[in-house]
Structures are given as C-alpha cells and as structure tokens.
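Residue numbers (our numbering), protein chains in the order written: chain L, 1 to 174; chain Z, 1001 to 1359; chain A, 2001 to 2101.
Certain hints may be false.
[As the list claims (entries may be wrong)] Which stretches of chain L does chain Z cover? Using the computed rule of at least three CB atoms under 8 Å from a CB of chain Z, they are:
1. 72 to 78
2. 91 to 102
[Stated by the list, open to error] Pairs of lysine-lysine, DSSO-like flavour, derived with a Cα cap of 27 Å:
3. Z/K1036 x Z/K1064
4. Z/K1014 x Z/K1068
5. L/K27 x Z/K1150
6. Z/K1339 x Z/K1036
7. Z/K1078 x Z/K1068
8. L/K143 x A/K2100
9. Z/K1078 x A/K2100
10. Z/K1014 x Z/K1036
11. Z/K1064 x L/K27
12. Z/K1068 x Z/K1036
13. A/K2100 x A/K2027
14. Z/K1339 x Z/K1014
Simulated from the structure, these hints should not be mistaken for lab results.
Since we're looking at a predicted model, the values are computed, not measured.
For glycine and all other residues, C-beta sits at the position ideal for the given N, C-alpha and C.
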Amino acid sequence: MNLQEIAFYILGALLLITGGLVAFRPKPIESALWLIVNFICTSALYVLLGAHFVAVIQVLVYAGAIVVLFTFVIMLLNLNPQELGLTAAVPWTSIVLLTGTVAVIFLCLHVATPDLLKGLPVLAEDAGGWGTLENFSKVFLIKYVWSFEIAGILLLMAVLGVGLLAHHQEKKAV
Amino acid sequence: MLHVWLPWLFLLGKILLFFGIVFGAVAPVMIWVERKVCALIQDRVGPNRVGPFGLLQSLADGIKLVLKEPLEPEGVVKPYYYLAPVLAVIPAALSFAIIPFGPPTTLGGLFETPQRLQISNLNVGILFLLAVSSLSVYGVALAGWSSNNKYSVMGALRASAQMISYELAAGLAVVTIVLLSGTVDLVGMVEAQAGMWHIVPGFFAFLVFLPAIFAETNRLPFDLPESEAELVVGYHTEYSGIKFGLFFLAEYAIMTSISSVCVLMFFGGWELWPGFSWNDLYTSLGLGWNTDGTVNILGTLIPIMWFVTKVCAFLFLFVWVRWTLPRFRYDQLMLIGWKRLLPLAILNITITAAVMALV
Amino acid sequence: MSFSIAHILFICFGLFVIGASGFLIRKNAISMLICLELMLNAVNISLVGFGRMHGNEGGHSLYFLVITVAACETAIALAIILNLFRLRRSIRLDDATVLKG
C-alpha cells in the first residue's frame, strides 16, 4: 500500500461522503458549502491522476466562480424554511433504485465486454507529459480549436442572456 | 543518513520559514508601519509610547486582541460565524506555496543540483495563485451573511462582487505576462526578465494589475466594503478579538503574497537590474561567487535580501496609497473594474500577442 | 495492486447516483441545481479518468467544454430562478404549475 493508493481511497471516501452531504442536507447554503469541499476533493483526485491543469481549472472555475454564484443567490434570496421546502430524510428508496439500475447496466456491460474491469492501469504508472499545461494546450488549441471558439461564443451568449434576464424591470409586468 | 532526510528537512525549513516570517513577523511589522506612516502622512507622531518608536505597539495590539472578551452577538449562525475567519486565512496561507523567494540554490554545496526556494514547484505555476485568490471570496461572504446584521450583509455582498470583478482583470494581466515570459512558472518568469524587466513591455499590464490587486485585497482606494465611515467596518462588524485578528492577518498575508507575485512578474524578482545580473556584479567585484550559492552562501542570500527589499517597497506602496487617496464609491468601483480595466486588459493581450507574433 | 479505470468509475457512479437521488427528492430549484452540478462533476471525473487510460488529452478538452456548458447553464438557470422568485415569492417547483395540462 503505497502513498498513492492510500490517498486514492481517502479521496474516494471523502468524495462520496461530501457528495452525500451535498445531496441530502436540508438547507441550500450547507449544500453549497459541502459542494465546495467536494470540488476541492475532486481537484485533489485530478492531481493524483496527474491532470494538473484540470485540477487548477476545477478550483478556479467550479469552486471559485460557479459555487460563488450559488452562494450569492442563496444569500440574496434569504428564504425561510417554509419557502424552501425542506427535506431532512435520506431517500433510501431512490438511492436503492438508482444504484440497482446502474449496477444492472454495469453487469450487462461486463458480460458483453468481459475485460471492462481489467482496464489499463491508471494510477500505478507515471503519466509522462500527460496532463501538463503544455501538452494540454497543444491538443486543445490545435486539434480542438473550433470547440474552443464555440465555447467562447457560448459563454458570450450566456453573459448576454443573463444580463437580459436578471435586469431589474422598472415597470412591473402585469 | 542526512542524505536521505535532506530534501524533507529542506521542505520543512522552507515551510517554517515562510509561515514564521509571514504570520509571525510581517503582520506585526506591517501594523506598526501602517500606523507610523499614517501618522507621518497626517503630520502627527503616531505610536511612540510602547517601546522605542512605538515598536512594541503591535505586540500590545496582539495581546489586546487575544485577551478581549469573545463576544458572540445574538442570532448569528454559529457554524459559519466561526468558520468565516478560518476560510479567510486558508487561501492567504495557501498562496505562499508557489512563491520563490530567491534563485535556485545549492545552499553552499549541500545539494548537488540547485534546488528551488519554492515550497512546491507546481506545473501550473501562477494559475494556482489565481485559483486560491478566487477562494478568498468565501470568507468575506460567509462572514457578512452569518453576522445577522444588515450592514454586514451589504458589506459582504459588495466586497465579494468587487473581488470577483477584479479577479478577471488581474487574471488577464497575468495572461499578458505569461505571454511575455513564455512560461507560467514563477522562477521561469524571473529568468525570462534577465534582459529587460517586464515592467517595460508589460507596462499596461502593470497598470491593470496594480488596481486589481488593490481591489482584491480590499485596500483603499477600493475598500468601501470595510470602510469605517460608511458601513461600520462592513463584513467584519460583528467580529471582535481573535476572530477579527484572523481577518486582519489574512489581509496582510495576502497583501504580502500578491506583492511578491507583482515583484516576480514585473520587477524581475531577485534580479539586480535589467541587463546587469548578480553574477555580473560578482564577477565585476572579483569574487568568484554565484547565485547558486556553491562558492559562498552569501551569493544566494544577497539576492534573497534584494527580493525582500522590493516586496517591502511594494508593501510600503500599499500603505502609502491607503492614507493618500480617497475611496471610490461602489458604482465607480464597479465601473472601473468592468468598463475600464477589463477592456484595457483584453486590448493589451491582443496588442502584445500581435507584436510578439510579428516581431 | 494496480489501479484500473474501474476504481475511478466506481467513484464516478457513486457520485452520480447520489446526485441523481438528491435531484429527484429536492423541492426547491437551487438545491436541484446544486445536485445537477454534482452529477456533472461525476461525469467530469470519468472523462479525465478515461483520458488518462488512453493517454490522450481529448478527455481534458471535453472536460473544458463540459465546464463551460455547466457555467453557462448555472448562470442562466439562476437568473430564471431569480425572475421566478420575483413573480411568485417562492422557488418551490411544486408551485410553478401554471402550464400544467
């Protein structure tokens, strides 16, 4: 059991535990805060896999901007529990049904392609230059440059859309 | 035996040195500097009772903060109230993980190859600092929201909106410097400034970066969220004692790390002068020294001292600007962030990239 | 023992199931969006894991696009929720039944 395996098991357990806390806490502000922890654990998992740039982007964009947006909206709305529709119980039925579905799909895949679980080693060996900023940019900005540009246009459209939607109406619509 | 433990000892030494100096020495000294400089600018004397020249004033302030009664206002949301100062200190502390405070050194022959004076040599370099400073919004937002106080909530929302707006401008200025250096690695950025410091080709990037870092650290002229006159100290109104001390500490720590990054990116880090490096100085003085420190460890220590001097100059600039300029109104602040700095930063990137591609 | 893609997929599936069940039981829109982010995060983990398995950077590129789409969708959904809140003073999706057939 070397350090990587211990780290992987700890991170996996943390991810699942914080995921459960995100999904099943009644108040949205607690969900948002546990979501930050979840994203940081995900970032650590990416570092373990050797994907350094992706790890930093996960913290920068996901934990540092998207969840900030959620936190802002939750704080601005500042709803009392009546309006929130709190649920405190863990929905064991949903979890069992969904897990069962996924397990059935997994078993079918395992029967169809028997070497699914004997996949290639992922963590045990060195990543080489994979996941570094240089390699990533060589692929992303040369091979997938159209996707990059379309992502930029999509973001621009989203900014315009949000600006229009969230604009404070001076005259109230009837 | 020492051979095996040496890298770990070195890492431990770097961590202890960084945290000891920043959290043990910089904060008290900065408090004293702030009050003395404020006094001199305002044509009065400043603290001069506690110790010679008032030097022990920071110690007195620290003792006062620790011994104060930990007031807990009624109606605060307790978990977030206690979590918020911690969430403010953690990004401030993390941001020191990538800052190199000197040239790669062998420490007088202890190591065979020159070791970096960074705590960790990340592949993504300066992007780590951007990521960590985007996490510092949470301390502010939670502090304001959990305090059960209208002024705190307003201060927190304004502060968070200001911080995320100016993060963009700061990030784009960093992109320009990355273009000029050809690397995101901070040591590589300093080595790329051997001929000419990036303040010359990246002057507009510096013009964008400097207000952005003032706004990121919520310092004047961008400190409306914590303004003492308008908003009753803003998001940390309800904090007293050591909790307030933690916010204060976080602010000074992040000021130090951002000043260090500014020096590394624009002012050549530990380089003596553009075009005249320390090795040139050593050979012209006839000493056989090297910045590696292989011949004499002073060859490394002097550039480190020079770097620290530059960072101190920047910290003095922070304090000087604070007591000189009036603060911006909130709408002026947002206008500057979005309508002035952001287009300037984008234009700067475009022009820099075009010039670099054509020349 | 050496790690295979199955370890990462296990985490990914676990997170996805947890996110999906959280999404299904929630009554207010913001919590549903948060669980949606959890599901997207699970898919991102599997993307990067598969990229590591095959050794090319295509997983990273698709990760970037998924993050972009997630950010846009979060922003627009939150704007819509704010408008819903302004109209009805409630973000419970059980109350938004005007178009129900």
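Okay, the hints, checked on the actual structure:
1. Given a C-beta distance limit of less than 8 Å, the hint that chain Z covers the stretch 72 to 78 of chain L holds, as 3 residues qualify and 3 suffice.
2. Here the stretch 91 to 102 of chain L counts 0 residues with a CB under 8 Å from a CB of chain Z, which misses the bar of 3, and the coverage is violated.
3. Between the alpha carbons of Z/K1036 and Z/K1064 the distance comes to roughly 19 Å, so the proposed pair stays at or under 27 Å and holds.
4. Pair hint Z/K1014 plus Z/K1068 does not hold up; C-alpha atoms about 33 Å apart against a cutoff of 27 Å.
5. Between L/K27 and Z/K1150, the direct Cα distance comes to roughly 21 Å. Compliance with the 27 Å bound is thereby established for this hinted pair.
6. Restraint check for Z/K1339 and Z/K1036: the C-alpha separation of about 36 Å exceeds 27 Å, so the hint is violated.
7. For the suggested pair Z/K1078 and Z/K1068, the alpha carbons sit about 19 Å apart, so the restraint of at most 27 Å is met.
8. Distance hint between L/K143 and A/K2100 is unfulfilled; the C-alpha atoms sit about 46 Å from each other, more than 27 Å.
9. Under the criterion of a C-alpha separation no larger than 27 Å, the hint pairing Z/K1078 with A/K2100 is inconsistent with the structure, at around 42 Å.
10. Between Z/K1014 and Z/K1036 the CA atoms are separated by roughly 31 Å; this puts the pair beyond 27 Å, and the hint is violated.
11. Under the criterion of a C-alpha separation no larger than 27 Å, the hint pairing Z/K1064 with L/K27 is inconsistent with the structure, at around 37 Å.
12. For a cut-off of 27 Å, the pair hint linking Z/K1068 to Z/K1036 stands: about 24 Å separates their Cα positions.
13. Only pairs whose Cα atoms come within 27 Å are accepted, and A/K2100 paired with A/K2027 is accepted, the gap being roughly 17 Å.
14. This hinted pair does not check out: Z/K1339 and Z/K1014 have alpha carbons roughly 41 Å apart, beyond 27 Å.
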